[in-house]
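Asker: Work out the full structure: start from the sequences and follow the hints.
The listed protein sequences correspond, in order, to chains A and B. Start counting the first sequence at 1; every next residue gets the next number (this note's numbering). Start counting the second sequence at 269; every next residue gets the next number (this note's numbering).
None of these hints come from the bench; they were simulated from the model. Because the structure is a prediction, the values reported are computed rather than measured. Every residue, glycine too, gets a C-beta built ideally from N, C-alpha and C. Treat the hints with caution; some may be incorrect.
[What the hints assert, rightly or not] Over the 12 Å line for every Cβ pair with chain B, so calculated as not near, a few chain A residues:
1) SER2
2) ARG20
3) PHE55
4) SER67
5) LEU70
6) LEU139
7) GLU151
8) ARG160
9) ILE164
[Stated by the list, open to error] In the SDA-like style, the derived pairs of lysine to any residue whose C-alpha atoms are separated by at most 25 Å in a straight line are:
10) B:LYS392 to B:PHE362
11) B:LYS371 to A:ASN218
12) B:LYS337 to A:PRO224
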Amino acid sequence: MSCLQTIADYGLRSLGFGERLLPSSDFTLCQQFTLIGSGMIWNIYFGVVALALGFFLSTALALGKASDHLIARKASEWFIFLFRGSPLFIQFFFAYFAFLALKSSHPAFDPLTSAWLGAAIVLFLNTSAYAGEIFHGALQSVPKGDIEAAEAYGITGWKRFRRITFPTMLRLAWPAYTNEAIFLFHATTLVFFSGFPAWQQRGDALYYANYFADKTFNPFVPYPILAFYFILLTLTVITIFGLINRRLTRHLPQEARPRMRLRPMLVR
Amino acid sequence: MFACADPQSLEKFDWLVCYLTSGKHVLFYQSFGVVLLLLAITAPVSLAFGFLGASAARSQITPLRWFGKGYTAIVRGVPDIAFFMFFVIALDQFFEYLRHKVKCPDWDLPIRQGSDFIVCAQAKLPLSTAPQWQHETYGFSLAVLTFAIVFGAFAANVLFGAMRSVPHAQLETAEAYGFSRRQTFWRIVVPQMWIYALPGLSNLWMILIKATPLLFLLGVEDIVYWARELGAAKQARFSDYPHGDWRLYYFAALLAFYLLLTRISEIVFARITRRLSHGQATAAGEKQRKAAA
Chain A
1 MSCLQTIADY
11 GLRSLGFGER
21 LLPSSDFTLC
31 QQFTLIGSGM
41 IWNIYFGVVA
51 LALGFFLSTA
61 LALGKASDHL
71 IARKASEWFI
81 FLFRGSPLFI
91 QFFFAYFAFL
101 ALKSSHPAFD
111 PLTSAWLGAA
121 IVLFLNTSAY
131 AGEIFHGALQ
141 SVPKGDIEAA
151 EAYGITGWKR
161 FRRITFPTML
171 RLAWPAYTNE
181 AIFLFHATTL
191 VFFSGFPAWQ
201 QRGDALYYAN
211 YFADKTFNPF
221 VPYPILAFYF
231 ILLTLTVITI
241 FGLINRRLTR
251 HLPQEARPRM
261 RLRPMLVR
Chain B
269 MFACADPQSL
279 EKFDWLVCYL
289 TSGKHVLFYQ
299 SFGVVLLLLA
309 ITAPVSLAFG
319 FLGASAARSQ
329 ITPLRWFGKG
339 YTAIVRGVPD
349 IAFFMFFVIA
359 LDQFFEYLRH
369 KVKCPDWDLP
379 IRQGSDFIVC
389 AQAKLPLSTA
399 PQWQHETYGF
409 SLAVLTFAIV
419 FGAFAANVLF
429 GAMRSVPHAQ
439 LETAEAYGFS
449 RRQTFWRIVV
459 PQMWIYALPG
469 LSNLWMILIK
479 ATPLLFLLGV
489 EDIVYWAREL
499 GAAKQARFSD
509 YPHGDWRLYY
519 FAALLAFYLL
529 LTRISEIVFA
539 RITRRLSHGQ
549 ATAAGEKQRK
559 AAA
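Answerer: Here it is, written out as structure tokens:
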């Protein structure tokens, strides 16, 4: 069987298209590359959905944590502590069993127990908490001169937030936020190992890598393939966020722009 | 004390007390000890790995420096879970391979035959005749080593940064006083780097705490394993304590356990930071000096 045929059969296997049965013996390198790559679709899906939605909630959380309103502040603080203080792995398990309980009470909650929705919700809440903390830190370090200048020009309230505070906050938080995005993508590999079932063996990249490692008893092929894909993904994320960073800082002189320093932090 | 001999006849509260002190629950409570043991062993070992890695990355010997830099870089691009899954099998096969080479030198079959990894019977780890506790200990040690390697790479990153944060003027002063490179490292850099490393190390400790449930993936019977086992619905036929699906409550308890652990750590680290800042050339140290004066 040629490699192109394998790609046609297994390229979209993680979504349920193509060949039904996974290869069970005589694994070729091509099969491993194709299936693990096919699993990456899920990792990218989870990461993109959680980041896109989480951006708004994390901004709200940062504002809540910095607000003078007691209830808003306490609620944000507790939310952030709850999701940052416990392992994502346990959060997945807890959420899955909570969704199971909901499902048994009403069939409308049915989709929550499948990974595409349930795990995406958990990742969304989790990344909101982490990014909320990052944004809050940035919000606290917005230079007070900027705000005073805005007030002197009569810019207040919502307009001041939209024109002055928010862009500065984003600019300050961006390097740390990039880091958070990278590790969110890494965290997506936990989904199918934490309760959420890989229905009809439609799993993510680590699920397939683990499948091959179990079957061949040789970890030295599938995991490096997985590493290759993830390094590629990480570089893509860095490039995209770097471009956004350039846009955010386009009015600043060259040397005043914050350099994108990436540090390996945040495993959850 | 009341008897737990016949649970069906017990009242609600007594039933719960008996249920929570059953033999399997004692194992569940012990597995919390396993988590703490893992933390207690892994933290110093990975700190040592990290120190070696960071020192290697600063080394003047080029291959050693490459090794150190490579080690600190591995965790950047690839999910740590992949490393966990990889190292557990890879280390196991590595040890068995070494023993195979030593114990059965006249074995001529290839070790990898298709989908099998075959070593001679004497090289198996642990021996197939070994008692159960040896299997468990071996599994746990593999897990500890895996954790130490991955977190050592994180720690190496932190310590490498901290070593570079020690004010350069101090190193120059040491050189002016005729300190050798080695003396400068041990007498100037190492004692002072900790305050710069502390934010990173405290972060790392939090990460380590939050990585402990991954023990489950490495095949250790840890708290996640027992929470799934004990929480699953039990039927009256197979259990003295029949109940529905309680896994939600068990995982809620685990959630609370981890929140407590991180909260305590936060408080402890705040104290250590205050102590280490004493007399340091940092903003926090300066603040303490002014407050005392």
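Asker: Each hint should be assessed against the structure and marked as holding or not.
Answerer: Hints versus structure:
The Cβ of SER2 (chain A) sits about 22 Å from the closest Cβ of chain B, beyond the 12 Å cut-off, so the non-interface label holds. Every beta carbon of chain B lies more than 12 Å from that of ARG20 (chain A), the smallest distance being close to 22 Å; the non-interface claim holds. A cut-off of 12 Å between C-beta atoms confirms that PHE55 (chain A) is not in contact with chain B; the least separation is 22 Å. Look at SER67 (chain A): its CB is around 23 Å from the nearest CB on chain B, clear of 12 Å, so calling it non-interface holds up.
Distance to chain B confirms LEU70 (chain A) as a non-interface residue, since its nearest Cβ pair spans about 21 Å, more than 12 Å. Every Cβ of chain B is farther than 12 Å from the Cβ of LEU139 (chain A); the closest lies at roughly 20 Å, confirming the non-interface assignment. No beta-carbon of chain B is positioned within 12 Å of the beta-carbon of GLU151 (chain A); the least distance is around 29 Å. In this structure ARG160 (chain A) is separated from chain B by more than 12 Å, as the shortest Cβ-Cβ distance comes to about 30 Å.
With a least CB separation of 27 Å from chain B, ILE164 (chain A) remains clear of the 12 Å interface cut-off, as annotated. A hinted pair counts as satisfied when its Cα atoms are at most 25 Å apart, and LYS392 (chain B) with PHE362 (chain B) qualifies at roughly 11 Å. Proximity of LYS371 (chain B) to ASN218 (chain A) is assessed by CA-CA distance (about 22 Å); at most 25 Å being required, the pair is judged to hold. With a C-alpha separation of about 19 Å, the suggested pairing of LYS337 (chain B) with PRO224 (chain A) holds against the 25 Å cut-off.
Consistency note: the structure conflicts with none of the earlier hints.
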